[in-house]
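Got chain X; can you put chain E on it based on the hints?
There are 2 protein chains.
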Amino acid sequence: MSADRLIYLPLGGAGEIGMNCYVYGYGPAGDERLIVVDLGVTFPDMDTTPGVDLILPDIAWLAERRDRIEAIFVTHAHEDHVGAVGHLWRRLRVPVFARPFTAEIARRKMEEQDQPDDAVTTVEPWPHQVQAGPFKVAFLPMSHSIPESSALVIDTPAGRVIHTGDFKLDPTPLVGEPFDPELWAEVARPGVRALICDSTNVFTDHPGRSEAVLGPEVEKFVASQPGMVVATTFASNIARVRTLALAGMAAGRSVVLLGRAMRRMVQTAVETGVLTDFPHTVPVEDAGLIPRESLMLIVTGSQGERRAASAQLARGKYLGLELGEGDTFLFSSKTIPGNEKAVIGIMNAFSEKGVEVVDDRGGLYHVSGHANRPDLKLIHGIVRPHFLVPMHGEHRHLRAHVRLAAESGISGVLAPNGTMLDLSGDLAQVVEHVETGRTYVDGSVLIGAFDGVVRERIRMALNGHVMVTLIMDEEDEPVGDPWCETMGLPETGSSRTPLVDVLEHDLDQFLRRADDDVLVDDEKLSEALRRTVRNTAQSEIGRKPEVTVVVSRLSA
Amino acid sequence: MSADRLIYLPLGGAGEIGMNCYVYGYGPAGDERLIVVDLGVTFPDMDTTPGVDLILPDIAWLAERRDRIEAIFVTHAHEDHVGAVGHLWRRLRVPVFARPFTAEIARRKMEEQDQPDDAVTTVEPWPHQVQAGPFKVAFLPMSHSIPESSALVIDTPAGRVIHTGDFKLDPTPLVGEPFDPELWAEVARPGVRALICDSTNVFTDHPGRSEAVLGPEVEKFVASQPGMVVATTFASNIARVRTLALAGMAAGRSVVLLGRAMRRMVQTAVETGVLTDFPHTVPVEDAGLIPRESLMLIVTGSQGERRAASAQLARGKYLGLELGEGDTFLFSSKTIPGNEKAVIGIMNAFSEKGVEVVDDRGGLYHVSGHANRPDLKLIHGIVRPHFLVPMHGEHRHLRAHVRLAAESGISGVLAPNGTMLDLSGDLAQVVEHVETGRTYVDGSVLIGAFDGVVRERIRMALNGHVMVTLIMDEEDEPVGDPWCETMGLPETGSSRTPLVDVLEHDLDQFLRRADDDVLVDDEKLSEALRRTVRNTAQSEIGRKPEVTVVVSRLSA
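Residue numbers (this note's numbering), protein chains in the order written: chain X, 1 to 556; chain E, 557 to 1112.
The following block holds chain X by itself, in its conformation from the complex (with noise of 0.2 Å):
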């Protein structure tokens, strides 16, 4: 028998969606070779992130074994696999194993933090297998909203793993390769130890579309429009802007690539050559020449993005166009949870202007890329995994995937971010809870999410600010009148004399009867002088601010 285990732990993704980082281990306890699949990011938002540019998984652990990793596996292109590949390597230092045009878009992340391109290594697909010390890993290819996506085959001595990555049962993709389920069963026929699958569409009832069925629709709709069209989607979903960009040849239209991620994905596509027929476009700057019922834009920003090209459209002029009454925008797409309002604002600006705005209401213009309720029944029942682990995924999209496989009679394992499970034996076991969490990309800065910064700057957002200036003289008596100045804060309260005035007049009044022993103290005279400021602003504003003390000391 043998002490060797092999082990599954994910840093980011099972838990959330978004930030997909995985690791799988084989060897003794405590001593395993690792592997990473996928370095992805998540993105900030106001509510609990302000000021922060992009959010990381923490790699503390990994950081700490660097030593013991093979290698990095990165299944495809999306931001939430790929986007921290760059800003990570530094701290891990070992080979990354890519497709063709997954391995470009890394590479770009590694120049964009001048870390060394050449750590990314191009690879085949399946049967082709890369020896990770223990491991074996083959790139299975599986459909999805970009090119290339693929499920990785993880040969270990305890067994076949599979690892889907992101996915959805397209037989027809257009762009990239197709489900084949064939391929899948004799990849599943030796037995697999452990499928590891996706999870975010696990609530959606009925079975996935293909991308294909857009394109008759697609093409209609823009034929029957009668002025500019502009269409939005994510620029690295290369199905889709070949399907726009064919519409608008079809209806006899000139196609402009809007936005820099747009005409960068579509070059990389054509570059790595996973897209071969993409009609001829027209450089942004001969536009203003092309009368607009014969012009169609495809352009970033379908997530509301402020400074992508449809927020710089609803705005007004952009690089010399500007929609209006009889011009039509589409948002092929989907909003994603938390986007809703910045979507609907340009909505309603584009509505101001007389465009018409169409989105995905009625189906007929967007599909997910991800595989629903019933596509993900049929995947487990061809591979037929001794244990499924959901991953990619928020908490309730992990339990209620655990449940679907229950279904099947497949033994589902609920492991949320941080929870190291053994897959080697009959049960999956907890071995152990890693803490994990989320790096801030701040600035030029990694800051932890945890480090105090997000906290003091949210306090300051739903507080206000007052800073307090007090110089005190050789024998600790204030030289002058203490100082305020205030940020974030009404200028008047309810005794309608300026706030400032009331908390100096406050100040003033405290120090007046202040005893020597808090005179003297630094700490204890700020603190006192804080919680005045703070009383005298409930009652003169209802609030409480946050307070910054500065005392300055003569003699010192």
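Hints listed in this document are in silico derivations from the structure and should not be mistaken for laboratory results.
Hints may contain errors.
[Said to hold, decoys possible] Quick list of in silico lysine-lysine cross-link-like pairs, BS3-like style, CA-CA up to 27 Å:
#1 E/Lys909 / X/Lys341
#2 E/Lys692 / X/Lys334
#3 E/Lys909 / E/Lys933
[What the hints assert, rightly or not] Every beta carbon over 10 Å from chain X, so not counted as near; a handful from chain E, in silico:
#4 Arg871
#5 Glu896
#6 Pro972
[Claimed, not checked] Derived coverage of chain E by chain X (criterion: at least 3 residues anywhere in the stretch with Cβ under 8 Å from a Cβ of chain X; other residues may be distant):
#7 601 to 613
#8 694 to 706
#9 991 to 1004
#10 1014 to 1025
Values in this document were obtained by computation on a predicted structure and should not be read as measured data.
Cβ atoms here follow ideal geometry from the backbone N, Cα and C, with glycine treated the same way.
Structure of chain E alone, referenced to chain X:
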């Protein structure tokens, strides 16, 4: 020919969902007698209004014409129609008219703001009319997701206007009056000059569903759950609360109302006679004695509000109750755009506890309170107004509603907030654009949306804040070194030295080189110090913070 005219002016609600406030006027141009319909609120968010407690319409235009206002009419008791009555009444001081349930809620709003609750007068429904200057106003019963919602039939010398308020066409609303097409036809028979019509559901293509369809489904659902059942909905949706309570009873469960708003709303509905058959409830203190499979809680917090009962239960033990494996949480509600993340957070917190969470995905446990597209068309057809003016909706809703009216050959007029229409003539004319906006309730203070207070908060949240203190002596030379404090910024940056040390060092360097004409001039000196801080921060941490500089001069 009369020089008098009939005007319509939305101050809130036309260009947004929420914050309803509409003005009608009749008389000589610029000297019309005025009535106000609804004084509602909308809710702040972290993205645009951090720290703000509540958002009211800016009624400056009305306040300046206070002597011309005859009365305020409140169509129903939802916050976005009645919520600002207490805050704004003191600036108008005119009688408020409403039906009993609504009047009771309005009185409570007055009390909460120390305003005289006898300013609110209870009114009988149609055919009773309130005379208000040149207007005769009647409350015409209409179904909605709250009892006693009413359209207003506003008779003027220029003809009849119908202001729908919020409504749906429900023949069986269970609580409150059903939609009565014959009554509406009778009211419309003399001819209707303008129909001012709710637009919120203009994008929903199927006919609305009755509140009554939910009962059997909810009953079946509650009966089949093994443990405690907790259901949430809007407290003001009395019919829904009753449906949930009856389902609990039918399943042999004791019913507990949790959350102050929930108990108050039911109590008000009982007291005002709109609710006559609410089942017996059990105080929460007694719930602990009841086996969990015999308990049904109906709780506040369907939108994920942090302090409401559902969020409290998601966090842990609340009032002695704790949910766990085998228990069920039902959202008998829809999530309002912008609240998705909060609601999803609650779902996941329950999932972690093993609680089964069910929402309205399948449409079984919630129906909307607003008229859908076919319902709007139906009411257009019954009323056949000379003009259709869409209200209560974002710009895109108003726009779509104008088009919908055109399908029935009715002339629709797009009039967003601030658009004053003259409805007297054959053609509706825009006669004025009035400055409109929002007023923030911020602690105990009312502030204008453009006062800059909120902008400062957002800046601090996005950029962090640095405070610089510098003391200058009688000869305009620095006393000691400049002092920096930071809030919301990383402690160290690229040089790995504490950020404040680097800032202070660079400020010191600057001061050593500074010209006398800068040192003697507070404004120049502060600006130069601010610039130094921003540049140093940019190179250290990659961001430019907000900076407050305090220069204290001992000579002064």
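Cross-check of the supplied hints:
1. E/Lys909 / X/Lys341: Roughly 30 Å between the alpha carbons, so the hint for E/Lys909 and X/Lys341 is violated.
2. E/Lys692 / X/Lys334: Roughly 48 Å separates the two Cα atoms, so the pair is violated.
3. E/Lys909 / E/Lys933: Violated, because 46 Å separates the two Cα atoms, which is more than 27 Å.
4. Arg871: holds, 15 Å
5. Glu896: The claim is violated: E/Glu896 sits with its nearest Cβ about 4 Å from chain X, within 10 Å.
6. Pro972: violated, 8 Å
7. 601 to 613: holds (count 5)
8. 694 to 706: It is violated, with 0 qualifying residues against the three required.
9. 991 to 1004: It holds: at least three residues are needed, and the segment 991 to 1004 of chain E offers 5 whose Cβ sits within less than 8 Å of chain X.
10. 1014 to 1025: holds (count 9)
Consistency with the previously given hints fails for numbers 1, 2, 3, 5, 6 and 8, ordered from lowest to highest.
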